[in-house]
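These protein sequence lines map, in sequence, to chains X and L. One rule links them: number in the working numbering = place in the first sequence (from 1) + 44. One rule links them: number in the working numbering = place in the second sequence (from 1) + 14.
Mixed in with the good hints there might be a few duds.
Listed next, the in silico DSS-like pairs over lysine-lysine satisfying Cα-Cα at most 30 angstroms (straight line) [to be verified]: (1) X/143 / X/247; (2) L/409 / X/171; (3) L/264 / X/171.
Bear in mind the hints are in silico, worked out from the structure with no lab data behind them.
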Amino acid sequence: MDSLQRVFGKNAAYWLIGPAALWLAVFFAFPMLSLLTTSLSDPAGSPITGYTLTWRVQNYIEVLGDYWPYMMRSLLYAGIATLLCLVLGYVLAYAIAFKAGRWKTVMLVLVIAPFFTSFLVRTLSWKLILADNGFIVNTLQTLHILGEDGRLLATPFAVIMGLTYNFLPFTILPLYTSLEKIDPKLNEAAADLYASPFQRFTKIVWPLSLPGVVGGTLLTFIPATGDYINASLLGSPNTQMVGNKIQQLFTTANDYPHAAALSVLLMAIIVGMVLVYVRRAGTEELL
Amino acid sequence: MPGAKEVDVSEVTPPEDGKKKGVSRRGLMIGGAAGVAGLGAVYLMGRGGGGDDAAAGCVTTDLSDTESVLNMSNWPEYIDEDDGDYVSTLTAFQEESGIDVTYTPDVNDNVEFFAKVRNQLGACQPTGRDMFVLTDWMAARMIDAGWIQQLDKANVPNLDKNLISSLQGVGWDPNRDYSAPWQSGFTGIAYNKSLVGEVTNMNDLLTRTDLRGKVTMLTEMRDTMGLMLLADGADPANFSDDEWGNALDKISKARADGQIRAFTGNEYINDLANGNIAACVAWSGDVAAAEDENLVFLPPEEGMMIWSDNMIVPVQGTHKANAEKLIDYYYRPDVAAKLAAYVWYVCPVEGAQAEMEKIDPSLVDNPLIFPTAEYLAQTHGFMALDEAKASQYEKDFANVSG
Chain X
45 MDSLQRVFGK
55 NAAYWLIGPA
65 ALWLAVFFAF
75 PMLSLLTTSL
85 SDPAGSPITG
95 YTLTWRVQNY
105 IEVLGDYWPY
115 MMRSLLYAGI
125 ATLLCLVLGY
135 VLAYAIAFKA
145 GRWKTVMLVL
155 VIAPFFTSFL
165 VRTLSWKLIL
175 ADNGFIVNTL
185 QTLHILGEDG
195 RLLATPFAVI
205 MGLTYNFLPF
215 TILPLYTSLE
225 KIDPKLNEAA
235 ADLYASPFQR
245 FTKIVWPLSL
255 PGVVGGTLLT
265 FIPATGDYIN
275 ASLLGSPNTQ
285 MVGNKIQQLF
295 TTANDYPHAA
305 ALSVLLMAII
315 VGMVLVYVRR
325 AGTEELL
Chain L
15 MPGAKEVDVS
25 EVTPPEDGKK
35 KGVSRRGLMI
45 GGAAGVAGLG
55 AVYLMGRGGG
65 GDDAAAGCVT
75 TDLSDTESVL
85 NMSNWPEYID
95 EDDGDYVSTL
105 TAFQEESGID
115 VTYTPDVNDN
125 VEFFAKVRNQ
135 LGACQPTGRD
145 MFVLTDWMAA
155 RMIDAGWIQQ
165 LDKANVPNLD
175 KNLISSLQGV
185 GWDPNRDYSA
195 PWQSGFTGIA
205 YNKSLVGEVT
215 NMNDLLTRTD
225 LRGKVTMLTE
235 MRDTMGLMLL
245 ADGADPANFS
255 DDEWGNALDK
265 ISKARADGQI
275 RAFTGNEYIN
285 DLANGNIAAC
295 VAWSGDVAAA
305 EDENLVFLPP
315 EEGMMIWSDN
325 MIVPVQGTHK
335 ANAEKLIDYY
345 YRPDVAAKLA
355 AYVWYVCPVE
365 GAQAEMEKID
375 PSLVDNPLIF
385 PTAEYLAQTH
395 GFMALDEAKA
405 SQYEKDFANV
415 SG
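If we strip away everything but chain L, and leave its shape as in the complex, we get:
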């Protein structure tokens, strides 16, 4: 029955159009593209500048009168801790003031921390922090961006009275209206005396053949380049583009020769102790804290860099008065001495040296904690840079260091 068969075939319903039954591939793609484009448009509209304008008009009410809390961010291993009978400076502060301090050691790196908070700060949103501790140039950058609150001088009499003279009148905050140094330190040369003879200047570090492949420098531009500029007889606080270029060339050459093994953060200290490197650009506190008698920190003949880490209160920090209480507390000589005896960094507080006599007399004459005027004479700071210049220099340095 051929005819019947034909009828059968004609009666089979054609498959339904895919579009009606479910989702066509094209429909899906159009839908998806529209969704992404929509998101993109919203995003681009909100993009614009980083929000300087928002920050400029950003005002916060200080809630310190009603809330006895303080959220503080600092660098790791930068404060003493309770241990058995030992009561830390921070615990004592909390008992004395009744302020509940949430202390978070989450600042590992200036640039990294900056990346973490910049969106909120730029958009006038709270970061959950009332105070953080950043190195001079980064503190300066934030003050410049209008992200930092001015301290009320009346609330921090100890800061005014006890800040050591070498840290007064810094270019980026001449009256210390915005910042209070937490600790300071030096950048110089460290070497392992069980491996090599004394390394006294930067030229030795970059050219001596017994150090080939055994030298590291810091990724912090201001530390490494500061020493390089000094080695060339330039002033890191005021140098020309030519001098900058010469210093860069020297690093480039040493790197091409295989003299430089790595550019590092503070992990260099382990390599120095176990002999992978013999000498390096180093921070004073790291070397002291390593407690390895073979490790020697010395100021290069041509001078060394000094820096400090500063307590600053962001515009969105809602407990400024509490932060000021803490600053004032840490500027009491006895408290400062107690802290310095623990962290071994340069103590920014006048009078702490006398107090140190009671805590640990062996540290009273340690120039890494209480540098003499003579010792400080060989230290230099790095020039303040505007955004464009900073970005150019960071790029230049990145190109020779990585």
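Just chain X, with the same shape it has in the complex:
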């Protein structure tokens, strides 16, 4: 600190914060302000004539009234996907952290491997896998699990599955880092003290992995709620999520004020939910 102060003078802290603050101002605060003003503008304008800021709060009431089913669907799909990710991810992360031995690195690389391909390409390939005339649907039809005209694509199942698939690594990695830090000796000590395997998990492993659980579920739930790629590629018009609605309002309906209001609302809901969740999980220091 002393040497830094010699270089920058009395206001060293300002100089050090400067670049990040400028970055945030330009790429976060400024767009955010633009979004907020647009969301309070008169929707009677158009992208050509511009929108006038009339502090029209009704935009929010209107989008809530018109599009609440999309919002609920997003929260529901993202919620289910997050739970699935947590269950699947926890088992895998536990296995990698404690049971993988020399395979640990290989397994971690395999978890990250899908990132080498684009998100879009991976989602599109699910379209091929789940195709109506594809192997999976045909097999399920032969087994009479799916009806003759049954299908997987363009159903809520496909959308939730896509979300789960795409965001699973975001759950696994934080879970792995916090599980990996747990000292195996704690488990041994608990066993010496006659704790059952179940007790060892609920009293030692789970509480110690909570930061990973909270981090992983947040990293999954937040982007999954706003996601629109999965719903648009794997879903049908009846499984559209709030992201699809926002995208559509912005690009095809050219209704910027309502699109902005819906975006702000989504953000507010997510921030509210995250605050409650983190408080209840007792991990405020993560934020």
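Fit chain L to the given chain X structure using the hints.
Then chain L, alone, in the frame of chain X:
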């Protein structure tokens, strides 16, 4: 020595006030808030309208005399390319005219492209493009906004002479003062004949039970709604709000019934080929270009939509004369035929059909490239809409399609 201890304590200097030593949290927040507010004020002042006024007084000097370059934006896979011995139309143009053309296929979607360039166009700033190719209604919208330069008729004699009659006298540019069609196409029904029997009209598409969950429609409002209006006996070029509402209701119902699987851009063609969908609203060129013998494109019984993509020169394009040379070149029948043989869209140039005889005789009678007057009789255009109406209709359509 208790006393000495007390003295020690009193001599300890109190910790310096945080404010003096570094940056207090409050100071930081105030500073940050002031900064954001300042930025915000600047932004709000500059916000206002989209800049119609700026565009109206926007004049550009044509630098074509001194700069032999042209920057053109077009849709992907919409032009022939050099391949071995084959010399593309564009390469031939560059050799002949000495104009260096930078051709960028960066128009994927009218609305998306509009979003990309609207700020510059509205503020009278260059977009780096001298010419782009947009669909009728979007070209009309830009002409209406005063963002497009008038073509000098003397520089485009071939356009005047060779534009096919069906594309003359369009409502939004009656004399083709601002625009020249690049290619045209049709919107109709496509189906996969290996999966289902013939789908001949829109009612079948939206109600036949063997198509349930296997139908897609286009997100382009004018294409899908045009066909829906026709199915109801309405005229897409002149319809009432009631007729519009009825057509929307029909889509809503089909969607609620699970008949419609998706609203798409041109990705529908893969789904149609691999059987995820059996029938759909489709663009003629896509079906022809897919080269899959199971895919059939047909005009619905009640009629189909026709559209064209138009070359237009933005006000800030500084090489208008070069752009006009290119337009004139592509309106030569031999060039147009060569292009049409490659892209399989409706050729807007009179005389190209005769030239096609020399290139590929099998295409001469293809109605998707050279539609006969009879074939064209069943095509319709979509009504011109002002900003408010367009925005209302887009919203209505967005509500049933997403």
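How the hints compare with the structure:
Taking the CA atoms of residue 143 of chain X and residue 247 of chain X, the gap is near 20 angstroms; set against the 30 angstroms cutoff, the hint holds. Annotation: proposed proximity of residue 409 of chain L to residue 171 of chain X holds, straight-line Cα distance about 29 angstroms (limit 30 angstroms). Using a Cα cut-off of 30 angstroms, the hinted pair residue 264 of chain L and residue 171 of chain X holds, with the two alpha carbons roughly 28 angstroms apart.
In the structure shown, no violation is registered for any of the earlier numbered hints.
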